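J.: Using the hints provided, position chain B relative to the given structure of chain A.
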Amino acid sequence: MSAALTLLRRDLSLLLPGTRGGASFLPLLFFLAVAMLYPFAVGPDAVLLARTGGGVIWVAALLAAILPLDRLLAPDMRAGLFDQWALRGISEELVVAIRLLAHWLSFGPFLMLAALPASALLGLDEPTLRTVELGLLAGTPGLAAIGIIIASVTVALRGGGAALAGLLVIPLAVPLLIFGAGSLSTGGEGGIALTAAISLLLVAIAPFAGGAAIRAAREG
Amino acid sequence: MEPAALANIGLSARDIACRRGERLLFRGLSLELASGEACQVSGPNGTGKSSLIRILAGLLRPFAGVVDSSGAMALLDERPALDEHLPLGRALAFWQRLDGGPADLARLGLADLAEVPFGYLSTGQKKRAALARMIGQNAPIWLLDEPLNGLDTAAVALVEAIIAEHCAGGGIALVASHQPIALPGARVIHLPDFTA
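So the protein sequences, as listed, match chains A and B.
With our numbering, letter number 212 in the first sequence gets 212, and the count goes up by one each step, no holes.
Residues are numbered in our numbering as their position in the second sequence, beginning at 1, plus a constant of 1000.
Think of the hints as simulated: they come from the structure by calculation, not from any bench.
Note that the structure is predicted; figures quoted are calculated from it, not measured.
A hint or two may mislead.
Negatives, chain B to chain A, calculated, CB over 10 Å [what the hints assert, rightly or not]: (1) V1066; (2) G1124; (3) Q1179.
Which residues of chain B face chain A? A few of them, derived with a C-beta cut under 10 Å, are [to be verified]: (4) R1054; (5) R1061; (6) A1072; (7) L1075; (8) E1078; (9) A1081; (10) D1083; (11) L1098; (12) P1102; (13) R1133; (14) Q1137.
With beta-carbon atoms standing in for the labels, derived distance ranges [to be verified]: (15) B:A1064 to A:E189: 56 to 62 Å; (16) A:G220 to B:S1012: 23 to 29 Å; (17) A:A163 to B:D1104: 28 to 34 Å; (18) B:G1058 to A:I170: 36 to 42 Å; (19) B:S1030 to A:R158: 46 to 52 Å.
Note that CB positions come from ideal geometry on N, CA and C, so glycine has one too.
So here's chain B without its partners, still in its complex pose:
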């Protein structure tokens, strides 16, 4: 992706509130991310980090407020969206055919696993495979929900580097994580500050 093509991307939310069932999880949350910016959403379990990500992705309607985005979005959450019975290479190939870009298996340490059925992989390997799927989508806006779950220290550092590179290249990354994650220059949204 050329940085010039990314100048117009953006992700903004104004005054959004989220209700799940009878509970108002958060309200009055606004954010504005432009090309090259990263943002970490922090907070304990159950404060609405995943719901916020799904609202930003357009998969969940906010209880109030508006979300505005320009640019394609890629989502990484706890569901890898890869076929369990297929070898990793072929499971990823399905998304490559939809997205057009090849997935970089070597960088994520998956090159030797291309022939292994996805269902046989460990938790951390599955997470890395899902990352490969997300990176292969070539979308300028990344929404990552707990990207560090199940990863070892080396993989955590790798994910941090990949996110930093993405932002340096003009992309936007919004990371929801209850664990500390090193995102230089990232804005932090502490969700409990917005509890109703």
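In isolation and in its complexed conformation, chain A is listed as follows:
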């Protein structure tokens, strides 16, 4: 248990935005920039903005979640940390599960916060904002899980890994996007429940898929 806490502490110090040596606020700025630029691109039609704004928030969230992928697992693999953990009997599954939690904590709650100013920029009404927030709460763990799975599959690739990871994430994230953003047009709960179901499934699979991928990369 204490090993898990020690790992989580280190992961958070590496992944939380604004920490020393940690990640930047770039994914969040990226997310807000999309919400800010979209009204300029489609024009100041309040009805159109309100109708499409929720979907734009979802697309921006998905793309913002891709940005930190290349620093999720590959640096630790290169520095030999996974070998050291293996020698101490700390399984790859545990490391990946904790990394998944830290990854979600480092972008999920922040995206939900940033969705507040974004919804103001896009002129979303209150029920829509509520659906967006609930949808993000249900969907971002799934996005984090997809990110972890792809990061572990591409962990041994040097250079080009980040671009490939981005390409691999997008098709896998389509179901989350369909149900998450779809909950906006159908008015809510069914879509959010389906989003949460997909998220749960992905979160359950991620540690095992990630652990297997990391072991395979080590043998390579």
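T.: Leaving out everything else, chain B in the frame of chain A:
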């Protein structure tokens, strides 16, 4: 560590072979190390010293043969496994929290460097930091892959003394090195003798 607790440790390999890609690096290699014994693996670059160490550590499956070990293993290789952006003290503290033991910075000449980010250290200082991490693990079996790379003469002597102490205390050390290293009483495995 009490020597009595180390009586049961051991590291043995029977008839192992290693294949990387299409090449069989070595085969028919057997070794057996008991408490207090040291072993040097020698051979030119590319003969499979690092692969042998990774096989013994359980990080690489041997192409043939079995490895059997009792006792925790510590590994030192070319990757220090310390966070580049953290001050040395905090980078080592991460492993101390996992391993439970404090790292002896003074003996390795690192006491003044605790506040310096690990990434700023020189090659030799990084190697010594990795040694501190490995010693702090308090494992009875040490696997060292080129522990002398980048070290100056004084540090080489220090590493030799630390390994000798570890074995005198009942530990096992297996050292892969292409450079001469003084390990009194150590068995030598010359890897090219086992090339396929």
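J.: All the hints need checking, so say for each whether the structure fits it.
T.: Hint-by-hint comparison with the structure:
no. : hint                          : result
1   : V1066                         : holds, 17 Å
2   : G1124                         : holds, 18 Å
3   : Q1179                         : holds, 21 Å
4   : R1054                         : holds, 8 Å
5   : R1061                         : holds, 7 Å
6   : A1072                         : holds, 8 Å
7   : L1075                         : holds, 6 Å
8   : E1078                         : holds, 8 Å
9   : A1081                         : holds, 4 Å
10  : D1083                         : holds, 7 Å
11  : L1098                         : holds, 6 Å
12  : P1102                         : violated, 15 Å
13  : R1133                         : holds, 8 Å
14  : Q1137                         : holds, 8 Å
15  : B:A1064 to A:E189: 56 to 62 Å : holds, 59 Å
16  : A:G220 to B:S1012: 23 to 29 Å : holds, 27 Å
17  : A:A163 to B:D1104: 28 to 34 Å : violated, 44 Å
18  : B:G1058 to A:I170: 36 to 42 Å : holds, 37 Å
19  : B:S1030 to A:R158: 46 to 52 Å : violated, 36 Å
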